[in-house]
Structure formats: C-alpha cells, structure tokens
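Trainee: One letter stands for each residue in the lines below.
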Amino acid sequence: MKILVTAKRVEDPESKIKVKPDGSGIVQEGLKYKINPFDEIGVEEGLRLVAKHQGEVVVVSIGGKEVQEQLRHALAMGAHRAVWVNHTGPVDQLGIAGLLQKVVEKEQPDLVVLGKQSIDDDQNQVGQYLAEFLGWGQATFASKVESMESEQEKNKVPAIVVSADKKSVQVIREVDNGLATVECQLPAVVTTDLRLNQPRYASLPGIMKAKSKPIEELSPAKLGVDVTPAIQVLKMSSPPPRKAGIKVEDVPSLVAKLHNEAKVV
Amino acid sequence: MPIVLIVAEQQPDGNLRKATLNAISAGKQLAEKAGGELHIALVGKDPAKAGDELKGFGAKAVHVGAAPELEHYLAETYAPAIAALAQELKADYIGMASTAQGKDLLPRVAGRLRAAMATDVMAINGSGADITFTRPMWAGNVFADVKLTTPVKVLTLRATEFTAAAGGQGASEVKAFSPKVEASKTKFVDFKEVKSARPELTEARVVVSGGRGTKGDFKEIEGLADDLGAAVGASRAVCDAGWVPNDLQVGQTGKVVAPALYIAAGISGAIQHLAGMKSSKTIVAINKDPEAPIFQVADYGMVADLFKVLPELRAELAKLK
Ligand SMILES: Cc1cc2nc3c(=O)[nH]c(=O)nc-3n(C[C@H](O)[C@H](O)[C@H](O)COP(=O)(O)OP(=O)(O)OC[C@H]3O[C@@H](n4cnc5c(N)ncnc54)[C@H](O)[C@@H]3O)c2cc1C
Ligand SMILES: Cc1cc2nc3c(=O)[nH]c(=O)nc-3n(C[C@H](O)[C@H](O)[C@H](O)COP(=O)(O)OP(=O)(O)OC[C@H]3O[C@@H](n4cnc5c(N)ncnc54)[C@H](O)[C@@H]3O)c2cc1C
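Chain order of the listed sequences is V and G. Here UniProt numbering is used: the first residue of the first sequence is 1, the next is one more, and so on. Here UniProt numbering is used: the first residue of the second sequence is 1, the next is one more, and so on.
Simulated from the structure, these hints should not be mistaken for lab results. All values reported here derive from a predicted model rather than from experimental measurement. Note that beta-carbon positions come from the ideal geometry of N, C-alpha and C, so glycine has one too. Careful: at least some of the hints might be erroneous.
Said to hold, decoys possible - In silico DSSO-like links for lysine-lysine, alpha-carbon gap of 27 Å or less:
| id | chain 1 | residue 1 | chain 2 | residue 2 |
| --- | --- | --- | --- | --- |
| 1 | G | LYS185 | V | LYS167 |
| 2 | G | LYS147 | V | LYS235 |
| 3 | G | LYS187 | V | LYS2 |
| 4 | G | LYS185 | V | LYS235 |
| 5 | G | LYS308 | V | LYS263 |
| 6 | V | LYS2 | V | LYS167 |
| 7 | V | LYS263 | G | LYS321 |
| 8 | V | LYS156 | G | LYS215 |
What the hints assert, rightly or not - Anything over 12 Å on all C-beta distances counts as not near chain V; from chain G, calculated:
| id | residue |
| --- | --- |
| 9 | GLY14 |
| 10 | GLN29 |
| 11 | GLY35 |
| 12 | ALA48 |
| 13 | LYS49 |
| 14 | GLN101 |
| 15 | LYS185 |
Could you put together the complete structure from these sequences and hints?
Mentor: Structure follows, in structure tokens:
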C-alpha cells in the first residue's frame, strides 16, 4: 500500500501564544515548532499499516524551507520519503487542499491520512475539502475503541482495518454521543483523532537514516495551483481575561460562596 | 437579497439536535446583519417530524428533503444534497452547528461550492456586504476576525456562543424538495451510541469534570453530578486511559461547554482543556497542587485532595435542600 500523510509545521502545543500588540499576528520570538500532533498520529498509523500490508509512507508538507524539519521528523519515525511544497506566502485551507490534490494525483496513493485539525488554525477542513476535490470517500476523526494504555495499543496494531482484498478500509470514527464505523472504498481520505494511536519516538538510528532519505521539492507554480487566500485574517486579539478568582479554605465557605455570591447552587 | 441557509441536524432517533437551535439563532443574527433572509434545510430518510418542529423559528422557509439513500448520515451523500439545495436557493451563507456532524459535513459542502469556510464561529460582526466572523485559534488563545471572500461562505457555529432560538414565531412555509442523490464510496457500518441518563454535556446547566487526579475513580464525580442534576465531563488524560468514554472529553479537541457552573476536580488546567470550558459562568477548581494552572481561571479554588473534598461537598450541598 502507498500511504500519503501530511506533516504540517505548527507551534509546540506547550507554547505560550501571545498576540502582537497591533493584532497583525502572534509573537514568533521564542516559539518552538513541531509536527502537528494529529499529523504525527497520522504518520504512526501509516507506518503501522505498512508494517502489516507492505508498501511505503510518503509525507507531504507545505510551507517555507523550515518545514523540512517536520518532514525529517516523520522520516526519522520511519516514513520512506518526503514531498515538500515550497511556498512562503499566505495560504488557506482551500489552497492547501488544492495543492494536496495535485500531489495526490501525481503520487496516486491508496490512502491519504491527514490530521483532523491543526492546533494553530483549528479549522478542521483540509481532509474534507481534499476528499471532495478528489471525489473520494472520507472517514474523519478516526479513533479506536481500546484505551491508549491497552495491550493492543502497546502491541501497535493499526486501528484502521484494511479488507482482505485491499479494496476498502473500515474506520471507527469518534463522533458526538458515540462511535460510528464506516467502510470506505480505496483510495480514500482519513483524518485522525487523538485516540487513534500513540506515536512512536524517533530512534537515534532512525534520525541518522532520515538524513539520507529523499525530499522532493515542488511548488504551487509547478503544481499549477493558485493559492491566493479566500480567507483573510483581518485581526487577532487575546480573549478577554477572566477576573482573578479567590481561594477558599474549606467546603462550607465554598458552598456559601456558590449559594450566596454566585447563586449557582 | 442575501440568503442564509442553516442546516438542521437530526439525532439518530430522528429528533432534532438541540445545537441546531443555537445555529438558527446565529443564522437569524447573520440574516439581520446582512440584510437578508433565513432559510432552514433538513435532509434524511424521514425528516418530516423534525422538519415540522422547525416551523416556528421565523425562517422564510423550511426545506425538507427525504430520500431512502439518506438513512444513515454520511458526508458523501449529505453534501451533494445540501450543496444542490444551496445552489438552487442561491444561498450566500451556509451554516450549521459546530457538532461532529457539522464539522464533517460542511467542509465537504464548501469543497463542492469552492467556498471558503470559517469553523467554530463565535461572533458575527459588521453589516451588509461587510460581514466578518470571530473564531478561536491556537486552542482559544487567540480570537481572530476573519473575512471570507468567495461568493458563497460556509460556517460552523459554536453553540455555546449563541442562545437557543425560541419557537412560536409564526409558521414558516415547509417546502418539500427532492434531494440530489449520488452514489457513495463510503458505507455506513454501525453506530455505537453512548447512552447516559445524565443531561447532555453541552447543554447541562452544571458540569462536574474529573481529571487524572481521580485515578479513574469517578464515583464521587458521578455522585456529585447526580446530586446537582449535572453532566459529567473529563480531561483528555482520563479518556485516553479508557476510564470514561471519549465522548465526555472537554477541550480544544473535545466538547466545548459553557454551563452556569463548572466544577473541575483533579484537572491541571492545560490550555487544551481550558479551551473547552473557559466560557463557563462560574468555575470551581479542586486540586492538590496550588500551582495548577486551573486556578488561574477558577472563580473559587480549593487546594485540597478531591477524595476528601467531594464527599464533604455533597454533604454540605445536601444541607441546602
Ligand atoms: C506564512 C503563512 C501565512 C498564512 N496565511 C493564512 C491566511 O491568510 N489565511 C488563512 O486562512 N490561513 C493562513 N495560514 C494558515 C495556514 O497554513 C492554513 O490555514 C492551514 O494550512 C490550514 O490549517 P488548518 O488548521 O485550517 O487546517 P485543518 O483543516 O485544521 O488541518 C487539517 C490537516 O490538514 C493538513 N495540513 C494543513 N496544512 C498543511 C500544510 N501546510 N502542510 C501539510 N499538511 C497540512 C494537516 O494534516 C492538518 O492536520 C498561513 C500560514 C502561513 C505559514
Ligand atoms: C493536540 C492536543 C489536544 C488536546 N486536547 C485536549 C482536550 O480537548 N481536552 C483536554 O482535557 N486535554 C487535551 N489535551 C491534553 C492536555 O494537554 C492535558 O494533557 C490534559 O488536559 C491533562 O489532563 P489532566 O488535567 O486530567 O491531567 P494532569 O495534567 O495529569 O493533571 C492532574 C491534576 O490532578 C491533580 N491531582 C492529583 N491527585 C489529586 C487529588 N487526589 N486531589 C486533587 N487533585 C489531584 C494534580 O495536582 C494535577 O494538577 C490535548 C493535548 C494535545 C497535544
């Protein structure tokens, strides 16, 4: 199987994000960057599927030169090769999905795995746009039934199940009020939720090997995609701060506050 | 005249999903600001009953499309039906509640119409052709004002930021239409519903949430929730461990709640958790660690062991009755 996985560069989720005083963006100084956590889960799932069914995992990232760091991270985890769409200007979800569509048409994978959302924009759109553009089936929010600490997870069994004839996949989806299972004909688009798997650490030999794995360079112009954004971020601001609360010493004073002051019990 | 089309959602049992009412209220606001009119759409195998319920919300029309192929929700079959209706109505805005279904379906509709989309809209600003939307980024650390520049604009609307629309506002015309049906490469297999006797997390007036500090023992959390008629919530750590269903996760990637009272016990208050509960009216935090970040958003904090505090709290609350 050939599995295409995205690897977006995002701020480390542990970072403190601050808005610039003029609202034009966020303060970049001191920030650390990572592969989007949902994409890392996608790489892991791709690797598990390939371990079971043979094939290769190809990672794709769109952005400036710096996104090669995230591609190398995925390669160090075990991905086989990488595609870098070199683009430094603004790009929105339509643009990203348009570029990914061209990469997919070029690579012709059996499965495309993306994160359900990226932790910077939190839009939750690219996978669905891409599936529609390609006319493929989609299974968003892929999850699993076992806990992340289960024996099965520890034994690294893939949660996305490929049929015996390799023509379809069964995917469990985490939705409101429960778990839905769908079956998609291949090729298909899957987006990952948090509890799909626990990504592996890149090993030292993995990191060494990654250095010599190929990264192919493409660009929006080469792919023939206009990426002029249709979503304009006009202004960013900090959410209104909550007023500082108080500490209470004991339960009777807590209940008194809730009853008399907040009037919620 | 700008047309705002709000997509209604049915629960598996055929009843209307409550968050739809919040989306309708946002749609009404948008229609007013844009100087346009509100329409409501509902599709499914048998949507007539829920369609009827939608009559009283002051929409210009309620469009109800029934087809046997739409028995089980799938983005692939619902998207063509909604997109074709939107084109026929010449809708300028298409909106739906930010539920799992809204987030799965609307980007696919947007893709069909080559429309730009804003997810989790919290506020609608401006008027006429100059409408912008406020939405959260970086786990709610940033609020961004965004403008969509495609002719059709697609939105999911955060239920906690818009009051539920009230019914009884005249009778909208209910129009039946034949939804566009397309073959699907995806098949519904099954749905395992997590049923609970407690109120739904996103609609409850009180939420009692437990974190890793509970070590998986939710007895007191659930007991307190039942005493208060509250919903039970959890942090990611608790869901990952398999102690409670995933469905109870509150946060950036879980549910967004804004109850009158949110009680967090044994939750550290990671930014991703705060993203889902920071708009609660009153927040109570119980945590052993005085440095836990949850205390920065809590109105009332107690530095104490939850296993000691929760039983005391239940006893003290019982005295009020
Ligand atoms: C210099 C710069 C300027 C920008 N300007 C704008 C702007 O003007 N308007 C705007 O809306 N956004 C802008 N962005 C943000 C941004 O890149 C897109 O919005 C983003 O690609 C989509 O993120 P999302 O969170 O909405 O996607 P989601 O739909 O939440 O992401 C889902 C998944 O899509 C995949 N994916 C998304 N982006 C990439 C990528 N770059 N490479 C590989 N996989 C990816 C990942 O798997 C991700 O997990 C800008 C970014 C940069 C770097
Ligand atoms: C991409 C991404 C998305 C995420 N999305 C979410 C999300 O949607 N929701 C979410 O919740 N998290 C989310 N997280 C995880 C989040 O970062 C935290 O790891 C998580 O919220 C921690 O859960 P916790 O507070 O229960 O556990 P911990 O951080 O381990 O905190 C446990 C707390 O319990 C206290 N404690 C322990 N014992 C007791 C006791 N006996 N009495 C009182 N207090 C006690 C401790 O002092 C500690 O503060 C996400 C993370 C990432 C990277």
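Trainee: Hints first: check each against the structure and report whether it holds.
Mentor: Structure-based check of each hint:
no.: 1; hint: LYS185(G) <-> LYS167(V); verdict: holds, 11 Å
no.: 2; hint: LYS147(G) <-> LYS235(V); verdict: holds, 10 Å
no.: 3; hint: LYS187(G) <-> LYS2(V); verdict: holds, 22 Å
no.: 4; hint: LYS185(G) <-> LYS235(V); verdict: violated, 40 Å
no.: 5; hint: LYS308(G) <-> LYS263(V); verdict: holds, 24 Å
no.: 6; hint: LYS2(V) <-> LYS167(V); verdict: holds, 13 Å
no.: 7; hint: LYS263(V) <-> LYS321(G); verdict: holds, 14 Å
no.: 8; hint: LYS156(V) <-> LYS215(G); verdict: holds, 24 Å
no.: 9; hint: GLY14; verdict: holds, 14 Å
no.: 10; hint: GLN29; verdict: holds, 19 Å
no.: 11; hint: GLY35; verdict: holds, 21 Å
no.: 12; hint: ALA48; verdict: holds, 23 Å
no.: 13; hint: LYS49; verdict: holds, 19 Å
no.: 14; hint: GLN101; verdict: violated, 7 Å
no.: 15; hint: LYS185; verdict: violated, 4 Å
Checked against the numbered hints given earlier, the structure breaks hints 4, 14 and 15 and satisfies all the rest.
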